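The hints should help you fit chain C onto chain W, whose structure is shown.
2 protein chains.
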Amino acid sequence: MLKPNGNYGNLKDSYLFFGISKKVAAYQAEHPDMPVYRLGIGDVSRPLCDVVIKTLHEAVNDQADGATFRGYTPECGIPEFRKAVAGYYARRNVTLDPDEVFVSSGASDELGDILDLFDASSPALVTQPAYPAYVDASIIAGRKVNFLNAGPDNDFLPLPGEDTEADLIYLCSPNNPTGAVYNREQLQQWVDFANRRGAVILFDAAYEAFIEGDYPHSIFEIPSARTCAIEICSLSKTAGFTGTRLGYTVIPKELERDGMNLNAMWIRNRTTKTNGISYILQKAGIAVFTDEGLEQLQENIMVYKENARVIMKALDAAGIRYWGGKNAPYIWMACPDGMKSWDFFDLLLNKVQVIGTPGEGFGSCGEGFFRLSSFGDPEATKIAAERIRKIVTADK
Amino acid sequence: MLKPNGNYGNLKDSYLFFGISKKVAAYQAEHPDMPVYRLGIGDVSRPLCDVVIKTLHEAVNDQADGATFRGYTPECGIPEFRKAVAGYYARRNVTLDPDEVFVSSGASDELGDILDLFDASSPALVTQPAYPAYVDASIIAGRKVNFLNAGPDNDFLPLPGEDTEADLIYLCSPNNPTGAVYNREQLQQWVDFANRRGAVILFDAAYEAFIEGDYPHSIFEIPSARTCAIEICSLSKTAGFTGTRLGYTVIPKELERDGMNLNAMWIRNRTTKTNGISYILQKAGIAVFTDEGLEQLQENIMVYKENARVIMKALDAAGIRYWGGKNAPYIWMACPDGMKSWDFFDLLLNKVQVIGTPGEGFGSCGEGFFRLSSFGDPEATKIAAERIRKIVTADK
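Chains as they are written, first to last, in my numbering: chain W, 1 to 396; chain C, 1 to 396.
Don't take each hint at face value.
[Stated by the list, open to error] Stretches of chain W that chain C covers, calculated by requiring three or more beta carbons in the stretch to come under 8 Å of a beta carbon on chain C: (1) 47-55; (2) 69-77; (3) 196-204; (4) 258-267; (5) 330-342; (6) 345-355.
To be clear, the hints were calculated from the coordinates, so they are not data collected in a lab. If you're wondering where the values come from, they're calculated on a predicted model, not measured in any experiment. Where a beta carbon is used, it is the ideal one built from N, C-alpha and C, also for glycine.
With the rest of the complex left out, here is chain W (with noise of 0.2 Å):
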């Protein structure tokens, strides 16, 4: 008999934001009138930048004409838009080979695909709170998961120390969800620590177009990063993608381990299970890096930072510790009057009918946080922020 793969048993129950929108769904099904205000998934609310239409148009366009029609694109990416990848982190002084960028279909779906490159016997670490995906794709893969916990003690930036387990390591700055940013130092010690161990660090980088300080936007920004490091990048956040879809990531070509070239690795990887990334979405990722594109996705970015300051105010009124929000769309705050994350979640549906992500789906140790995200509509958003200031100071 064929035998399934006995590793789906050891994942918890539900995902975090499948059983928030269950949670949502229930009460909107019994509340069919009531507005509900989201600061909960991450997920963006402005509408694509003019370039990109244009560009989408244009593509679609040649896909209605036989002499511009395109059929599969190469599987590692279209030239171009590897190119102007590379093109968007020379700006940062780092020099990338076109030949070391891979289109994605996104980040989340790059985070999976991406474990196919390595034995499963090798442990990961993951520094918690998380992305739940990080752990349960690990957990499918049949891979063993350490964590290490972040916490206010650490401003949510753990560091490896000497007897840390890690082979596979996950790191995200800016953080999802704490919205904590590692800065140039300590991303440093992670390097060296992977290059001492031989570790890979997966560096999610998802939110690197909300920084505004002087943190690196890239691992590969980190001297020694390109014989350790793996990024993996998506449009999501940058460019308001999450229902376009479109990714990449970028593995340089010293990057080996056990005699294994993961670059070389990830083309026959590439070429074997994928047959490309549609040609449409690819034309419009070009025109997200061209100068028109880096300057129009600018004004949405602009209006999520001021909804990240609209909240900080309401909690700063409220008294309400917090981190983030400043380099980062996501706001981490404490429960009011410690709280269990899953009650402060009913409570704020129940009462003031506002959504947000209970830190205890990010992790145990997250349990007592609160993730509010900046992505909301400006005027949802200001309404959320006044609830959850009069509901925590009523509470108070």
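Same frame as chain W, now just chain C:
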């Protein structure tokens, strides 16, 4: 140290189509002014049909406006897309719950991803000649691959025997590369065998739209298939989406192994390892399955079918034996005079600038055969067919 996935070391050197594209690029670099005629890779050449183009533009416009903007879509598919696919199956009297339909980026992506459902200890069975990714994706996963050889003796339609070792069975009908199509009785033999053994059939139905006669388009037209089969399909060949990318997968709710429900496992997999498929592309997929869409895409399929007739006529004139071409876009010809398939490839490329696909690339039992595709431009196909006829005749 992080251990890389050593299974990559068990892969053969080069992927078939990658190898061909390198040979063609080298030829073109040496002969920049010489036109080449592509009957090679199964890539379509006709533009998308009008209703799909119209819908793509509309979906792009939705992304330009805050009132209609769509962020993340449901991981398993937009409900309307899942319903549209179920409606397509209903036309052939196959009843599916839309929850049994999963959207995908395309069949090749899904054929790799779906392996996540199974323990690597269960061996695969591949009927050869076969699409090389079946074998390579299994090897990357560390799965043993058994082969069942197809050939002129069984009209390239092998059937299981009582001693066939098979837990995960790849079937492709209409077949790539041979163009052979299983009839109902033959597929019933496979279904009965799989149910008896507890095996699971991965049924690749990517070419179903080319069936003319009374052959099953779907494994689910066969009684009892719901307890032993997963169907993987794509709009690449049905609607010309090779460069646009969209597909779907059917996993019946009855499909269980070892007490684990594969439909539920796939929901868990998708909600963990993806964030859904592009809204724009799913809207286009919905348009494909409307009456208007299905009627319009027939125009392109008729062009390809005429190409197939042109090629078959040339082979008839040259006295060459071949299979397929009637219910499939591929024609599988015997190489003339017992030539080896890569030698015949080189002969066609260098002497008459026609690109085909060497049968040996689909497995050792494909040696001595050659795949011609009907997806090319009609004029180019006429020229190529005539050139093949001439060189094969001159060669005699």
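Right, here's what the structure says about each hint:
1. 47-55: holds (count 4)
2. 69-77: holds (count 5)
3. 196-204: Coverage by chain C holds here, the residue count being 4 at a Cβ distance below 8 Å.
4. 258-267: holds (count 4)
5. 330-342: violated (count 0)
6. 345-355: Since 0 is below three, the answer is violated.
Figure legend: structure checked against the earlier numbered hints; hints not met, in rising order: 5 and 6.
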